[in-house]
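*Asks:* For reference, the chains in residue letters:
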Amino acid sequence: MAVTGLGLVSPAGVGTELTWRGVCAGVGTATEDPALASAPVGISCRVPSYDADAQFGAAEAWRLDRFVQLSLLAAREAVSDSGLEPAHWDGTRVGVVIGSAAGGVATFESQHAGFLERGPKGVSALFHPMALVNMVSGRLAIEFDATGPNLVTATACASGATAIGVARDLLVSGACDVVIAGGTEAAISPTFVTGFARMGALSRQSARPSSASRPFDANRDGFVIGEGAGVLILERLDHARRRGADVRAKLVGYGASADASHVTAPHPQGRGIEQAMRRACTDAGLQPEQVGHINAHGTSTQLNDAVEAEAIRRLFGAEVPVTSTKGVTGHTLGAAGAIEAALTVLSLSRQTLPPTANLERLDPAITLDVVTGRPRPVATSYALTNSAGFGGHNVSLAFAV
Amino acid sequence: MAELLTNKLGVDAAELHPAATFEELDVDSLALVELTDIIEGQLGIVMAEGEIRKGATLAEAAQALDIHAAADR
Numbered sequence: 000m001a002v003t004g005l006g007l008v009s010p011a012g013v014g015t016e017l018t019w020r021g022v023c024a025g026v027g028t029a030t031e032d033p034a035l036a037s038a039p040v041g042i043s044c045r046v047p048s049y050d051a052d053a054q055f056g057a058a059e060a061w062r063l064d065r066f067v068q069l070s071l072l073a074a075r076e077a078v079s080d081s082g083l084e085p086a087h088w089d090g091t092r093v094g095v096v097i098g099s100a101a102g103g104v105a106t107f108e109s110q111h112a113g114f115l116e117r118g119p120k121g122v123s124a125l126f127h128p129m130a131l132v133n134m135v136s137g138r139l140a141i142e143f144d145a146t147g148p149n150l151v152t153a154t155a156c157a158s159g160a161t162a163i164g165v166a167r168d169l170l171v172s173g174a175c176d177v178v179i180a181g182g183t184e185a186a187i188s189p190t191f192v193t194g195f196a197r198m199g200a201l202s203r204q205s206a207r208p209s210s211a212s213r214p215f216d217a218n219r220d221g222f223v224i225g226e227g228a229g230v231l232i233l234e235r236l237d238h239a240r241r242r243g244a245d246v247r248a249k250l251v252g253y254g255a256s257a258d259a260s261h262v263t264a265p266h267p268q269g270r271g272i273e274q275a276m277r278r279a280c281t282d283a284g285l286q287p288e289q290v291g292h293i294n295a296h297g298t299s300t301q302l303n304d305a306v307e308a309e310a311i312r313r314l315f316g317a318e319v320p321v322t323s324t325k326g327v328t329g330h331t332l333g334a335a336g337a338i339e340a341a342l343t344v345l346s347l348s349r350q351t352l353p354p355t356a357n358l359e360r361l362d363p364a365i366t367l368d369v370v371t372g373r374p375r376p377v378a379t380s381y382a383l384t385n386s387a388g389f390g391g392h393n394v395s396l397a398f399a400v
Numbered sequence: 000m001a002e003l004l005t006n007k008l009g010v011d012a013a014e015l016h017p018a019a020t021f022e023e024l025d026v027d028s029l030a031l032v033e034l035t036d037i038i039e040g041q042l043g044i045v046m047a048e049g050e051i052r053k054g055a056t057l058a059e060a061a062q063a064l065d066i067h068a069a070a071d072r
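Chain order of the listed sequences is A and B.
Residue numbering for the first sequence is 0 to 400, as defined by numbering that gives the first Met the number 0.
Residue numbering for the second sequence is 0 to 72, as defined by numbering that gives the first Met the number 0.
Do not rely on the hints blindly, as some may be mistaken.
In silico DSS-like links for lysine-lysine, alpha-carbon gap of 27 Å or less [unchecked claim]:
#1 Lys120(A) - Lys7(B)
#2 Lys120(A) - Lys53(B)
#3 Lys7(B) - Lys53(B)
Chain B is faced by these chain A residues, among others (derived, beta-carbon under 8 Å) [what the hints assert, rightly or not]:
#4 Gln54
#5 Gly56
#6 Ala58
#7 Glu59
#8 Pro119
#9 Lys120
#10 Ala124
#11 Leu125
#12 Pro128
Quick caveat, the hints were computed from the structure, so don't treat them as lab data.
C-beta: ideal position from N, C-alpha, C; glycine also.
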């Protein structure tokens, strides 16, 4: 399946080029976050500010939860980038699949606060239209007159990658010619963040926020919460060629698995993530030695990075160049798989691997070639991107140029 | 009310006139619930749910508000 358009909204920038430049610069984006003053961990990676009234109109902006706003910005960029024209397309052949872990939790929190304070009058009639997780794909359908299959995937931090895999299957089955696929998240709210802090999942290196997210580093101690959205326009190859589209890369493999082991901790031997990578390669008809790059899930937690690194080493050896862009963006949860899929497409089309920010000393237990310092030129046709989510979900996507 | 419609609900001020209905101004039933909440919060006038309908004109809604305001005095 062809990737013909990209849209990115991330802590590294609003827009694909700004995000790419940001991740290549390799500087962490985490800062102290005043909105998290009441939470045990007060740092986050925020999307730079944008003018919501100008983007959506004042009449609409206040009715859109931020997780939907971010997806709209990314989807508009992706559709425009693809050269497709929603005014003229057959919308019945266009699907929308978007992943999100949390949906409108910030709206949920504010409505609950209103309910406790003022009773039923404190709850807006717009609560559900703003907060329900599926409102994102519904809203994109309205935006682009996309009347084909429309759904949301929820596999926690693998949601965006799952969405791209499910979109691929909709194209393979013949249900769609085009799918607007991606992930979005805007869940940096005190209660939600506190939940992660109580689990022990967040980095406590608040004194130096920009270097707190340090995937594969010996001194990593958890992830930094981020927000953002990534959208890919996936298209049947014949459809893309017929209209002379610029094919950035091809999605050639999709592997998904469940750990069936523990609700949050990865399987101790990385059985699930290995199975997903293996399946993505088989699906793509790839031998492990053909894979020239892996954009890892690499969250900066002790467990994920150790287990994922070992699974990569077992399957591909220690020579394949690996990167985690979460050193720059933090962990954008349900958006991460889609943002990183788009970055993997760019890595292939530009033959450049972004570095892993804040990797000062590789964990001695990890034997991998992790790209660090500056972007690295590469000559390869195939790359994987991994995602894993609480619940035990694993996804690996294989792209080719 | 004109101020609430333009500032809070984003209705184009140029489109406001007494004979315009909420429907014509793209103020749907969800936004109307918000509007009655805002009116209650800012003006202290309590309107029943559904008292202002989408098909009502701004003049009719203003008249209803006046009646409430007079009754509350």
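*Asks:* Out of the numbered hints, which ones does the structure contradict?
*Replies:* When the structure is compared with the hints, numbers 4, 8 turn out to be violated.
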